[in-house]
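2 protein chains.
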Amino acid sequence: MADTVVMKFGGTSVADVEDVKRAAARIVAARERGNQVVAVLSARGKTTDELVAAAYEISKRPLERELDMLLSTGERISCALCAMAIHDMGHEAISLTGSQAGIVTDSSHTRARILEVRADRIRAGLAEDRIVLVAGFQGVSGDSKDVTTLGRGGSDTTAVAIAAALGADVCEIYTDVAGVFSADPRLVSDARKLPLVSFDEMLEMSSSGAGVLQLRSVEYARNHGIRIHCRSSFEDAPGTLVLAEDETMERPMVTAVTHAYEARVTLTGLRDEPGVAGRVFGALADANVNVDMIIQNEPISEDSKADLSFTVATDDLSAATDVLNGINVGDATETDPHVGKVSIVGAGMRSHQGVAAKVFRTLGEREINIEMISTSPIKISCVVAAERVPDAVRAIHEAFDLGADAVREEDPSGEHRPRVTS
Amino acid sequence: MADTVVMKFGGTSVADVEDVKRAAARIVAARERGNQVVAVLSARGKTTDELVAAAYEISKRPLERELDMLLSTGERISCALCAMAIHDMGHEAISLTGSQAGIVTDSSHTRARILEVRADRIRAGLAEDRIVLVAGFQGVSGDSKDVTTLGRGGSDTTAVAIAAALGADVCEIYTDVAGVFSADPRLVSDARKLPLVSFDEMLEMSSSGAGVLQLRSVEYARNHGIRIHCRSSFEDAPGTLVLAEDETMERPMVTAVTHAYEARVTLTGLRDEPGVAGRVFGALADANVNVDMIIQNEPISEDSKADLSFTVATDDLSAATDVLNGINVGDATETDPHVGKVSIVGAGMRSHQGVAAKVFRTLGEREINIEMISTSPIKISCVVAAERVPDAVRAIHEAFDLGADAVREEDPSGEHRPRVTS
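Going down the list, the sequences are from chains D and W. Mapping of the first sequence onto the numbering used here: residues 1 to 422, in sequence order. Mapping of the second sequence onto the numbering used here: residues 423 to 844, in sequence order.
Check before you lean on any hint, since a few could be wrong.
As the list claims (entries may be wrong) - Cross-link-like lysine to aspartate or glutamate pairs, in silico, EDC-like; alpha carbons within 16 Å at most:
| id | chain 1 | residue 1 | chain 2 | residue 2 |
| --- | --- | --- | --- | --- |
| 1 | D | Lys-60 | W | Glu-440 |
| 2 | D | Lys-21 | D | Glu-235 |
| 3 | W | Lys-443 | D | Asp-236 |
| 4 | W | Lys-567 | W | Glu-486 |
| 5 | D | Lys-358 | D | Glu-398 |
| 6 | W | Lys-727 | W | Glu-695 |
| 7 | D | Lys-21 | W | Glu-479 |
| 8 | D | Lys-193 | D | Asp-401 |
| 9 | D | Lys-21 | D | Asp-120 |
| 10 | W | Lys-727 | W | Asp-758 |
| 11 | W | Lys-567 | D | Asp-120 |
| 12 | W | Lys-615 | W | Asp-668 |
| 13 | D | Lys-46 | D | Asp-176 |
| 14 | W | Lys-468 | W | Asp-598 |
| 15 | W | Lys-468 | W | Asp-510 |
| 16 | W | Lys-780 | W | Asp-823 |
| 17 | W | Lys-615 | W | Glu-550 |
| 18 | W | Lys-482 | D | Asp-88 |
| 19 | W | Lys-615 | W | Asp-598 |
| 20 | W | Lys-482 | D | Glu-18 |
| 21 | D | Lys-145 | D | Glu-116 |
| 22 | D | Lys-193 | D | Asp-236 |
| 23 | D | Lys-60 | W | Asp-737 |
| 24 | D | Lys-145 | W | Asp-542 |
Quick caveat, the hints were computed from the structure, so don't treat them as lab data. Bear in mind the structure is a predicted one, so any value in this text is a computation, not a measurement.
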């Protein structure tokens, strides 16, 4: 039986007429290699942003059910246009909405979770020798049969979920970058394209600034054992394979440096009562403020007060301060809208000591002040002043020899080349 | 039980933010008068044109199934935005796609016909005290469950079909004109807004240039006994009621003058063989050319050849000549891309003699040459040179005293006022 290939094209890969035709040609090429092909498409270019703007022109707080109805149109447009282009290339294609494709979700509008993929219509389309195009980012709620969306970047998750439902070996995610890099190539000139990354590393990277893959899609892929091939829609070279750790041949100590810009909030003179932190973060969650790093310094002396610091997305800062002013749990709220978070990620950190010390020393040598620190077994994150982020990223990238030249010298065996290409 | 009101808003009535809010306010006002309200919306402003253009950028012959998937997004956008606006006015609204609203059609993509309205979700929404918004122009094919569209102007038909399914008394069609006029007010300064028009008259008017209501929606309304109230979304005054002839109090001899611009094709030296006309119009139909008027002059002398003339939409002219050049049934094909059709319509013509003579005499007095004539029991159409259309319309309008002043003098009884308003 023919292999099933699931391909996903992001918004920049279907933005204008030539992009749509390029994506169609990629899809057709996969079909002509004898595969059964399912392609998941995102909305074109800025379509989703424009639809969101239209909603906010009408209403300050657009109804979430109706936002989903509105936003889900963007991917349908991409799919219909791509089906037309494929048809002109001599192949049969059929486009399906998320609902038609059987993407059944819960009913949390604007951030629904996929409960099940009932892929009957996809399978029927493939059985009729058709290329099947699926509108990404959307589904239908199992109970109310309403259109739902999966949140920003949800098309990655759609693609991985379909790959899992169809038993595909790999899910190819086509994007405007060539793969996952050892650092942002815009900051670090010798950043290296990583041939292999483990799911756990990718999860840490996605949550600490690497925008190339959506966090939930990586989780879904890990949980269902679907390898992700993250690659460029503009060139043929293989990109980065994201896969289980036991499939990677090597475990470099540090794989990549990532960064993100955020805002910092500090509550000083926090009342020393049980449940204060719960009240703070509960109230923030109710206001839909996503909190990233949290640090609390509990004083040793009993009658002192604690300080609590956390970071939030810059866009959420005013909402966060509104919430804090409303609940009155400390002496004062201080904010810094311009901080940056620099993280190093690597599965090998588990078995190597001294990574944290080397990071802190490297930043110290450059006189970059570390405001906050948080760690996981395979990640160390440091909050620094926003304007020092490029320096910090470059310094750490160099200190751990992550650059392309360094690797080429160290790794003549070719171990870094991907083991699986499509 | 509360009355059910079905309202339909056209593209110009939801074009920008203020329009959407105005439509929402109209809908809310109907709800606050104690009605159960269903509103059918068209795509905003030029949305459909833009989507069609996008399709033709991708493909010279876009797949019809995919065109439907593409075009159906426009009305969904309108509905979602309007639901948000209604919510901000303190009412609950739910938007439904054509498929969700149970508009079941055949599978003729881009020109599907409604087979059935399974209005369960609409009724459920009304029962929950919600305003129900339905995306016009679209449905779902009963067999393949694909998205279908009803053709240009199909939202009128959606609204009438829903009104019929819900047993509503009247279907209100909101548009950018104040109603149906005795002639195009842009050509005739004293054109009169008609308070009442019969279904048959409206059908003749819609098919002869009055763009205010889609032909099929009037047919559907006549067949199901649904009165249409055609009115302005920009003012509160009542518009025109379209209803069964036995409900109209009066039967004026002539109700209105309409006009349309077309192209004319003449085949000279047509071979005198059985089936020639069938071949000509069969081939035109296969090429999707809509033929309007047809005239054939069969010569009395047996060895002579016939001439065949017909009119088509100007956009279809080149397709029509391609077809004729391909089938070779006559000596030559002559075309005139700029003709106009002026029609007078009136249910009273059935019982009044001399209307045709008066029309021809009126045009003759202005030295307007009549190129083709066709008649129905309640309509006379004359094809004239395009540049003489405004003259012809004004002359006939005046000759039959259709202007506002004329009627006011003749009709002090107030009989012309609509008997039903909402």
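To see whether the hints hold, each was checked on the structure:
For the hint linking Lys-60 (chain D) to Glu-440 (chain W), the alpha-carbon distance of about 15 Å falls within 16 Å, and the restraint holds. With a C-alpha separation of about 14 Å, the suggested pair Lys-21 (chain D) and Glu-235 (chain D) falls inside the 16 Å cut-off, and the hint holds. Between Lys-443 (chain W) and Asp-236 (chain D) the CA atoms are separated by roughly 49 Å; this puts the pair beyond 16 Å, and the hint is violated. Between the alpha carbons of Lys-567 (chain W) and Glu-486 (chain W) the distance comes to roughly 15 Å, so the proposed pair stays at or under 16 Å and holds.
Note on Lys-358 (chain D) and Glu-398 (chain D): the hinted pairing holds, with a Cα-Cα distance of about 12 Å set against a maximum of 16 Å. Of the supplied pair hints, the one linking Lys-727 (chain W) and Glu-695 (chain W) holds, its CA atoms being roughly 10 Å apart against a limit of 16 Å. With a C-alpha separation of about 11 Å, the suggested pair Lys-21 (chain D) and Glu-479 (chain W) falls inside the 16 Å cut-off, and the hint holds. Proximity of Lys-193 (chain D) to Asp-401 (chain D) is assessed by CA-CA distance (about 14 Å); at most 16 Å being required, the pair is judged to hold.
Of the pairs offered as hints, the one joining Lys-21 (chain D) and Asp-120 (chain D) is violated, with about 28 Å between alpha carbons and a cut-off of 16 Å exceeded. The straight-line distance between the Cα atoms of Lys-727 (chain W) and Asp-758 (chain W) is roughly 21 Å, outside the 16 Å bound, and the hint therefore fails. With a C-alpha separation of about 13 Å, the suggested pair Lys-567 (chain W) and Asp-120 (chain D) falls inside the 16 Å cut-off, and the hint holds. The straight-line distance between the Cα atoms of Lys-615 (chain W) and Asp-668 (chain W) is roughly 20 Å, outside the 16 Å bound, and the hint therefore fails.
As the CA atoms of Lys-46 (chain D) and Asp-176 (chain D) are separated by approximately 14 Å, the hinted pair is consistent with the 16 Å bound. For the proposed pair Lys-468 (chain W) and Asp-598 (chain W), the alpha carbon gap of about 14 Å is at most 16 Å, so the pair holds. This hinted pair does not check out: Lys-468 (chain W) and Asp-510 (chain W) have alpha carbons roughly 26 Å apart, beyond 16 Å. Only pairs whose Cα atoms come within 16 Å are accepted, and Lys-780 (chain W) paired with Asp-823 (chain W) is accepted, the gap being roughly 12 Å.
Taking the CA atoms of Lys-615 (chain W) and Glu-550 (chain W), the gap is near 39 Å; set against the 16 Å cutoff, the hint is violated. Restraint check for Lys-482 (chain W) and Asp-88 (chain D): satisfied, since their Cα atoms lie roughly 9 Å apart, inside the 16 Å limit. The hinted pair formed by Lys-615 (chain W) and Asp-598 (chain W) meets the criterion: a straight-line CA distance of about 14 Å does not exceed 16 Å. Between Lys-482 (chain W) and Glu-18 (chain D), the direct Cα distance comes to roughly 15 Å. Compliance with the 16 Å bound is thereby established for this hinted pair.
Between the alpha carbons of Lys-145 (chain D) and Glu-116 (chain D) the distance comes to roughly 14 Å, so the proposed pair stays at or under 16 Å and holds. Proposed proximity of Lys-193 (chain D) and Asp-236 (chain D) is supported: the alpha carbons are some 14 Å apart, at most 16 Å. Using a Cα cut-off of 16 Å, the hinted pair Lys-60 (chain D) and Asp-737 (chain W) is violated, with the two alpha carbons roughly 44 Å apart. For the suggested pair Lys-145 (chain D) and Asp-542 (chain W), the alpha carbons sit about 13 Å apart, so the restraint of at most 16 Å is met.
Comparing the model with each earlier hint shows violations of hints 3, 9, 10, 12, 15, 17, 23; every other hint is respected.
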